[in-house]
Amino acid sequence: LKKDAKAGTPPKSFGMMVKGRTFVERADAGEALAGTIQALPLALDGGALVEVGRYRGFLVKAQNIGGLGYRWAAESLETGRVYSMKSIEKGEMSPVGLIQRLDNRFGGIPVDLEYNERELERSKASQQSYQDLLNKPFEHEERLQATQAEMARLDRVLQGEGIEGGPSDNVQTYEEEELEEQLESYRYGEAAPEQVVEPTVREEAVQAIGEADEVMAAAVVPDQTVGEREESASLLQDVRGKLMGLTADAIEAGDTGAERVLEEATSEVAQVGRVVEPSLEELEAAKVKPVEAAPAAELGPGSEALIRAAKGLGIGDTEIRQAANILARLDGQVVPGIHHVAEAAQYLSPGAGESIIEAARQAPQNINAQSMLQRFKAATTDLVPVEAKPKRKRRVKVPRKPGTVRRRALVKAVKKAPPKRVRPKPEATVPLETLVQAQEERTPRAQTMDSRKRHSKTIRAKNPRAKRWLKRPGSMDIMGIDTPSKRRTRKPRKPSK
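Sequential numbering of the sequence shown, starting at 1, is according to the UniProt record's numbering.
Warning: the hint list may mix true and false statements.
[Said to hold, decoys possible] Think about it this way: if two alpha-carbon atoms lie no more than 25 Å apart in a straight line, the pair counts; the simulated PhoX-like pairs of lysine-lysine are: (1) Lys3 <-> Lys90; (2) Lys6 <-> Lys61; (3) Lys2 <-> Lys124.
[Unchecked claim] Across the chosen pairs, the derived CB separations fall in these ranges: (4) Leu68 <-> Gln237: 23 to 31 Å; (5) Pro11 <-> Ala48: 39 to 47 Å; (6) Gly67 <-> Ser123: 28 to 36 Å; (7) Ser129 <-> Val226: 21 to 29 Å; (8) Gln237 <-> Gln128: 49 to 57 Å; (9) Lys19 <-> Ala43: 16 to 24 Å; (10) Val226 <-> Glu51: 51 to 59 Å; (11) Leu154 <-> Arg81: 54 to 62 Å; (12) Glu230 <-> Ala43: 18 to 26 Å; (13) Glu263 <-> Asp155: 46 to 54 Å; (14) Glu51 <-> Glu230: 30 to 38 Å; (15) Gly67 <-> Glu252: 39 to 47 Å; (16) Glu264 <-> Ala152: 23 to 31 Å; (17) Lys12 <-> Thr256: 45 to 53 Å.
Simulated from the structure, these hints should not be mistaken for lab results. Even for Gly, the Cβ is constructed at its ideal location relative to N, Cα and C.
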């Protein structure tokens, strides 16, 4: 490891050999390496890895394992030690990513060396304590020998042998009691359940610490992007949680050595995670993406005023043009507040809304928000919508026959039209005295029938139940008139011939 740890320092100039050809550019080398790995035949029976290139004093070997992807590792030319790496899935084959993975693995070798040196020192310290325990005599040696002698005597008694100088256990007779239920473990002809051997706490601790070393080695590589650092911090958080769980198991099992090692490993993972994890400012800066500028011809005469008002808060022209396009589509309504403007701009470009909010946070304190809002209102009132709203389709008027009018159209026409004076025709006029005389000459029977009709209409309007009863076939009306039955009458049969 000490010899291979020198490869942890990246060289000043890049150089990689693939199929006997040397590449000095990372992109070209990554494409050649990816093509070589993808061209490997399928290894049906396993076998050894095949050399696909040389990089920084190591042989890069790979193997095609079918649907699982490609298995690969790096072997040191100086020491012959093999450093395994995570398998490459089919969809993860990236030329630049392959070179970056190799750099991350080589950069983690010094971390492996440091961890192994610490483990060696702990083993040396534990070796002395174990040696002292071996040299110390057993405290209960006499009791152990007496117990072994008594157990040997009981074995001879069970076998029916006589024992001289001891109690006559072989003379006593024992009657075997019948068990009500036969024990499951002694049932004849049934196989015993398979014993599952679970890994010990130390074995799990060694495996977890090895995984933590690989994650930390990949996390401490320099020149990583914010996204890669965030992913590494998430992996370190998962590893830390697993180590804390194993520490609790070690405390429960009483293994102090494993407990101490796991606590130290947990603290190291936490320190590396705090260093690698990006800050909130870095995350927000990484999320801001450049947006395409909207053409100025799409905006109305208020676009320049809107841009001038936005520059007072430090907002760029591109974001304001995008926000103005959104505001122009909102039926002439002004969206109040910078957050609403940012929300509207977010629909056009993922980074526009975040950049507007960030610019508003960094605005100087002497700018009045109310005056800024008034400028926005004044600027957006003259905006011309980019996409005109579709006009409502009018119903096609179908020509009607002369003399027919729709009822709805007739009602509207009557409501809108002014009242007209209609003069009665001379021949239709009837003197008032004639009408009064005709009313008085009506018989009492006719007047009574009129009052009954009015009363029947009132009951039908106020009482739905009576209304339903009156509609029943065969029922009698209030006026004493039978309602004709709707039942079909049977015709008389014709006489047979």
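Note to self: Please check whether Glu51 and Glu230 have a Cβ separation lying inside 30 to 38 Å.
What the structure shows: holds, 35 Å
Supplied distance hint 16 to 24 Å, evaluated on CB atoms of Lys19 and Ala43: Hint holds: Cβ distance 19 Å, inside 16 to 24 Å.
| Hint check for Glu252 and Gly67 - Cβ pair distance inside 39 to 47 Å | holds, 41 Å
Leu68 versus Gln237 beta-carbon gap, inside 23 to 31 Å or not:
Holds: the Cβ-Cβ distance is about 27 Å, inside 23 to 31 Å.
TODO: Take the C-beta atom of Val226 and the C-beta atom of Glu51, compute their distance, and say whether it sits inside 51 to 59 Å.
DONE: violated, 35 Å
- prompt: CB of Ser129 to CB of Val226, is that within 21 to 29 Å?
  reply: This hint is violated: roughly 47 Å between Cβ atoms.
For this session: Take the C-beta atom of Lys12 and the C-beta atom of Thr256, compute their distance, and say whether it sits inside 45 to 53 Å.
Result: holds, 48 Å
Could one say that the CB atoms of Gln237 and Gln128 fall in the range 49 to 57 Å? violated, 37 Å
- Is it true that the CA of Lys3 sits at most 25 Å from the CA of Lys90? violated, 34 Å
Could you grab the alpha-carbon distance between Lys2 and Lys124 and see if it respects the 25 Å cut-off?
-> Status holds; Cα separation ~19 Å.
Practice item. Could you tell me whether the CB distance from Pro11 to Ala48 stays inside 39 to 47 Å? Key: Taking Cβ atoms as reference, Pro11 and Ala48 lie about 28 Å apart, which means the hint is violated.
_Within 54 to 62 Å: is that where the Cβ-Cβ distance between Leu154 and Arg81 falls?_
holds, 57 Å
The structure shown violates the earlier hints numbered 1, 5, 6, 7, 8, 10, 12, 16.
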